[in-house]
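Enquirer: Residues per chain, in single letters:
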Amino acid sequence: MLAGCAGGDGTPTPTSTPGDGDDDGTATPSDGTETPGDIGRELPSDLAEPGTRDEYLQRANLVLNVEAPWIFLNRQYSVYGKSTRVNWTARADETIKGYAIEPTDGNAVTITQSQMDSGLDPHDHRETPTQNIVTQTYEGLLGRDADGRIVNELATGYERSGDAEVTFELRSGVSFHSGDSFTAEDAAYSINRIVQSDVGGLESPQSDQLAGVTGAEAGSDSTVVVSTDGFNPTVFALFASYCDIVNQSWMESNDAAYINSHMNGTGPFQLETYEQDVQVVYSSYGDYWRDAAPADELTIQAAGEASTRVNQLLSDETDIIVNVPPQSISQVQGADNAEIAATASTRVIYNAMVYNAEPFDSVEFRQAMNYAVDMESIVENILSGFADVTSQPTLENFTGYNSDVDPYPYDPDQAEALVEASGYSGAEITLHTPVGRYLQDVEIAQAVAGYIDELPNVSAEVQQRDFGNLAGELLDGDITTGPDFYLIGWGNTTFDASQTIIPLLTTDGALTSYSNEQVDELINTAQSRIE
Amino acid sequence: MASYSRFLTKRVLQGLLVVWGVITVVFLLRYITPGNPIDFIAPLDASQATRQRIIEARGLDDPLYVQYVDYIVGLFRGDMGFSYRSRTPVAPRVFAKLPATLELAVAATVVAVIISIPLGVVSATRRNQPADYGATLFSLLGISTPNFWLGVMLVILLAVQFQFFPTSGRTGGFLETIGNLLVLKVNGPLVSFTGGSPSFGQFVFELPMEFSAFLADGRDWFLSLFLPAITLGTYFTALITRLTRSGMLEQLGQSYVRAARAKGLPETLVRYRHVLRNTLIPVVTVVGLQLGTLIGGAVITEAVFDWPGLGTLVIDSINNRDWPLIQGCLVVIGAGFVIVNIVVDAVYAKLNPQVMD
Numbered sequence: 052m053l054a055g056c057a058g059g060d061g062t063p064t065p066t067s068t069p070g071d072g073d074d075d076g077t078a079t080p081s082d083g084t085e086t087p088g089d090i091g092r093e094l095p096s097d098l099a100e101p102g103t104r105d106e107y108l109q110r111a112n113l114v115l116n117v118e119a120p121w122i123f124l125n126r127q128y129s130v131y132g133k134s135t136r137v138n139w140t141a142r143a144d145e146t147i148k149g150y151a152i153e154p155t156d157g158n159a160v161t162i163t164q165s166q167m168d169s170g171l172d173p174h175d176h177r178e179t180p181t182q183n184i185v186t187q188t189y190e191g192l193l194g195r196d197a198d199g200r201i202v203n204e205l206a207t208g209y210e211r212s213g214d215a216e217v218t219f220e221l222r223s224g225v226s227f228h229s230g231d232s233f234t235a236e237d238a239a240y241s242i243n244r245i246v247q248s249d250v251g252g253l254e255s256p257q258s259d260q261l262a263g264v265t266g267a268e269a270g271s272d273s274t275v276v277v278s279t280d281g282f283n284p285t286v287f288a289l290f291a292s293y294c295d296i297v298n299q300s301w302m303e304s305n306d307a308a309y310i311n312s313h314m315n316g317t318g319p320f321q322l323e324t325y326e327q328d329v330q331v332v333y334s335s336y337g338d339y340w341r342d343a344a345p346a347d348e349l350t351i352q353a354a355g356e357a358s359t360r361v362n363q364l365l366s367d368e369t370d371i372i373v374n375v376p377p378q379s380i381s382q383v384q385g386a387d388n389a390e391i392a393a394t395a396s397t398r399v400i401y402n403a404m405v406y407n408a409e410p411f412d413s414v415e416f417r418q419a420m421n422y423a424v425d426m427e428s429i430v431e432n433i434l435s436g437f438a439d440v441t442s443q444p445t446l447e448n449f450t451g452y453n454s455d456v457d458p459y460p461y462d463p464d465q466a467e468a469l470v471e472a473s474g475y476s477g478a479e480i481t482l483h484t485p486v487g488r489y490l491q492d493v494e495i496a497q498a499v500a501g502y503i504d505e506l507p508n509v510s511a512e513v514q515q516r517d518f519g520n521l522a523g524e525l526l527d528g529d530i531t532t533g534p535d536f537y538l539i540g541w542g543n544t545t546f547d548a549s550q551t552i553i554p555l556l557t558t559d560g561a562l563t564s565y566s567n568e569q570v571d572e573l574i575n576t577a578q579s580r581i582e
Numbered sequence: 007m008a009s010y011s012r013f014l015t016k017r018v019l020q021g022l023l024v025v026w027g028v029i030t031v032v033f034l035l036r037y038i039t040p041g042n043p044i045d046f047i048a049p050l051d052a053s054q055a056t057r058q059r060i061i062e063a064r065g066l067d068d069p070l071y072v073q074y075v076d077y078i079v080g081l082f083r084g085d086m087g088f089s090y091r092s093r094t095p096v097a098p099r100v101f102a103k104l105p106a107t108l109e110l111a112v113a114a115t116v117v118a119v120i121i122s123i124p125l126g127v128v129s130a131t132r133r134n135q136p137a138d139y140g141a142t143l144f145s146l147l148g149i150s151t152p153n154f155w156l157g158v159m160l161v162i163l164l165a166v167q168f169q170f171f172p173t174s175g176r177t178g179g180f181l182e183t184i185g186n187l188l189v190l191k192v193n194g195p196l197v198s199f200t201g202g203s204p205s206f207g208q209f210v211f212e213l214p215m216e217f218s219a220f221l222a223d224g225r226d227w228f229l230s231l232f233l234p235a236i237t238l239g240t241y242f243t244a245l246i247t248r249l250t251r252s253g254m255l256e257q258l259g260q261s262y263v264r265a266a267r268a269k270g271l272p273e274t275l276v277r278y279r280h281v282l283r284n285t286l287i288p289v290v291t292v293v294g295l296q297l298g299t300l301i302g303g304a305v306i307t308e309a310v311f312d313w314p315g316l317g318t319l320v321i322d323s324i325n326n327r328d329w330p331l332i333q334g335c336l337v338v339i340g341a342g343f344v345i346v347n348i349v350v351d352a353v354y355a356k357l358n359p360q361v362m363d
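Protein chains in written order, with the working numbering: chain A, 52 to 582; chain B, 7 to 363.
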């Protein structure tokens with residue numbers, strides 16, 4: 052499988068399998084770092100200097116595995132229920148594209164999410180349910196296929212035209228649903244509306260998604276030139292995941308309330324009716340620049356309760372449902388008219404351990420926490436097998452993933468010995484977890500705390516938290532105000548390691564719990580290179 | 007009559023005071039409740055600078071008294087402000103939920119009253135007989151059964167298994183169904199909110215009546231409402247049954263009943279004209295209070311059946327700390343509760359004029 056994103060030039064990344072473990076610096080902890088009598092993991096002493104951007108990122112993942120700032124939990128799966136009346140394959144980025152759904156019985160498709168949108172402005176949200184609704188109508192310059200590989204959409208090509216500049220060649224013959232033609236000015240306006248607070252009357256919460264992009268202007272009739280604040284190796288990956296293109300004249304002639312209740316994009320579906328909080332109905336756009344969508348009509352609705360969604364699917368009232376809980380999987384699989392469609396998502400679930408708070412300021416203690424937890428059992432019993440155990444912050448098939456780094460095995464004896472070695476024998480720790488924010492979050496936290504509590508020299512318990520309050524403590528810019536030990540998830544649809552490590556594990560990251568000069572240096576070096 | 011008018015006027019003024027109190031308390035709660043709406047608007051990886059810009063753009067940093075005065079003034083214009091999360095006006099969004107909420111609340115109440123009062127009367131008049139035991143058992147089951155479980159079981163059995171009803175959602179509505187019969191129609195919505203202020207649709211005179219559409223829409227609407235109404239009304243039914251039974255038993259033991267019988271009045275007249283009327287006085291009060299509660303409190307039933315009512319909107323807005331939307335919902339719910347209570351008081355005063363003293 053391809054990684055989907057390179058260091059910014061748009062070509063897919065080859066599968067991360069280095070020729071040999073030592074020469075490119077991706078030696079595994081299991082390759083001779085553990086000698087008889089030693090406990091825990093150490094970095095090999097004979098690591099070669101990384102040469103490429105990918106190697107620098109892989110080295111960072113190796114260091115992070117050994118330093119263990121997290122208990123590495125799991126990669127979340129997106130588990131959908133699908134009617135046998137449609138042909139559809141789930142995407143890794145949790146987006147449901149109506150264009151990829153082929154009805155085999157009739158010409159209408161219905162999707163049931165867990166919640167509706169927070170408004171139809173494609174630049175004024177950061178949630179998957181809203182993205183699933185606006186993505187049927189709006190498109191970006193670049194996009195991704197179901198496996199995460201970058202593909203052209205409203206751009207037909209792209210290149211680095213300077214140290215702090217990239218240029219997109221724009222597709223001709225594209226029109227908005229209002230009938231206006233897509234122009235370079237629309238592309239420039241869309242980018243500026245996100246990254247510049249004085250454009251478009253919007254303070255976009257997506258500005259940090261286009262990190263490093265400072266603005267854009269129309270080049271010739273068929274190009275848009277994007278400026279960045281210095282070299283940006285992931286700029287094309289960012290545009291493949293973010294930045295929907297809007298019609299400048301339509302945006303400027305309507306107020307926020309209108310824009311949030313209507314849509315005017317270039318996508319395969321146009322808005323027919325919008326009932327806020329209830330449903331959105333689309334019809335196929337006849338002048339779409341590609342072949343028309345397989346479905347003539349698309350409806351997106353929501354049901355907060357998982358059992359309600361499952362019942363809708365089993366009664367043929369909907370064609371695709373999201374977030375099938377583990378306890379309902381067998382019910383869907385056993386039905387004649389439905390089946391499960393699951394795929395590994397781009398979300399990693401982890402337990403952060405604040406690096407400068409006792410007892411987590413000890414590497415031995417942090418490693419002990421990883422050895423103490425039987426993640427295989429948690430995946431099997433709590434997540435019904437729909438998850439992958441992780442060994443590093445970066446997910447498999449992302450740029451920078453280190454395939455030679457193994458997950459920590461379940462070894463309570465080694466955990467106990469490491470706790471003794473750390474000097475924190477008898478420590479009492481509390482794991483803070485949000486409730487209902489992530490799939491089985493409380494159950495996972497309770498299992499993790501249970502395993503840790505079984506160690507004779509550590510006590511652990513769980514504290515359930517409202518996600519809003521927990522997030523507020525973690526995002527106030529002061530690492531000391533939040534809990535020292537917490538469960539949280541992170542989604543990264545750029546398929547690049549840097550977009551997980553930078554915000555979560557570098558010294559200045561927005562949600563960081565860790566600081567390590569070596570990691571900072573490796574990431575900074577990686578970000579200064581294209582390849 | 008003059009005293010009845012004075013009584014009602016006093017109740018209305020008290021009601022307005024209560025609604026103002028709700029508005030003010032909800033406003034103050036904003037500042038003592040943990041959680042900041044910015045945590046739900048801005049993403050996890052937003053920089054502090056981005057968060058601050060979003061705070062300023064939504065007026066989240068204005069002083070409390072400025073926001074309070076703006077809100078009260080806006081309410082007099084029918085403007086409830088704009089949602090922090092979606093930046094759309096709050097008023098149309100809240101009032102759009104009202105028909106669904108009222109339908110479910112009234113339907114549950116009708117189910118409860120239709121079943122419980124006759125059942126309570128039968129139970130009281132056939133005391134210690136099989137009918138009484140059956141009614142008592144039904145009451146016990148109704149009060150003991152969690153409506154979440156009941157709703158899910160009804161869906162699995164009657165919707166998924168036998169497909170007699172849809173599993174969830176609201177199809178059409180009362181107004182849409184009746185609209186097929188009305189000769190006088192409205193182009194567009196009856197009330198719309200342009201820029202936050204209300205305006206009314208254009209009334210037109212149209213012939214002929216669409217009776218077949220009325221039947222079709224009515225059937226679909228009824229089928230979608232049936233299971234949620236049963237689910238929501240079951241506890242209520244059990245409660246009113248027991249109340250009616252105990253009330254009738256108490257009244258049947260009163261001396262005026264013995265006197266009426268001694269005078270030779272037919273038993274049916276004694277029971278249904280005198281005893282039942284007195285029994286219904288507290289029942290009317292409870293029914294009214296329950297109806298007021300249902301206007302904002304059917305969250306579980308709305309969740310199970312994906313019924314687009316106010317309860318779910320309130321919970322979602324609280325979870326998102328979307329304060330303008332929370333306020334809008336609570337103002338409408340509070341006003342609805344007050345109105346229902348005023349009506350209950352008015353009916354109660356008619357049944358028992360002594361309460362006006």
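Be careful, since some hints might not be right.
What the hints assert, rightly or not - Rough simulated footprint, nothing fancy, chain B against chain A, three-plus residues with beta-carbon under 8 Å:
#1 163 to 170
#2 211 to 223
#3 362 to 368
#4 387 to 400
Hints listed in this document are in silico derivations from the structure and should not be mistaken for laboratory results.
Glycine included, each C-beta is placed from N, C-alpha and C at the ideal position.
Enquirer: Holds or violated: the stretch 211 to 223 of chain A covered by chain B, criterion of 3 or more residues with Cβ-Cβ distance under 8 Å?
Expert: With 0 residues closer than 8 Å to chain B, the stretch 211 to 223 of chain A misses the three-residue bar; violated.
Enquirer: Okay, the stretch 387 to 400 of chain A and chain B, do three or more residues pass the C-beta test at under 8 Å?
Expert: violated (count 0)
Enquirer: So is the stretch 163 to 170 of chain A in contact with chain B by the C-beta rule, three or more residues under 8 Å, or is the coverage claim wrong?
Expert: holds (count 4)
Enquirer: Taking beta carbons only, do three or more residues of the stretch 362 to 368 of chain A come closer than 8 Å to chain B?
Expert: holds (count 5)
The structure fails hints 2 and 4 (numbered hints given earlier, in ascending order).
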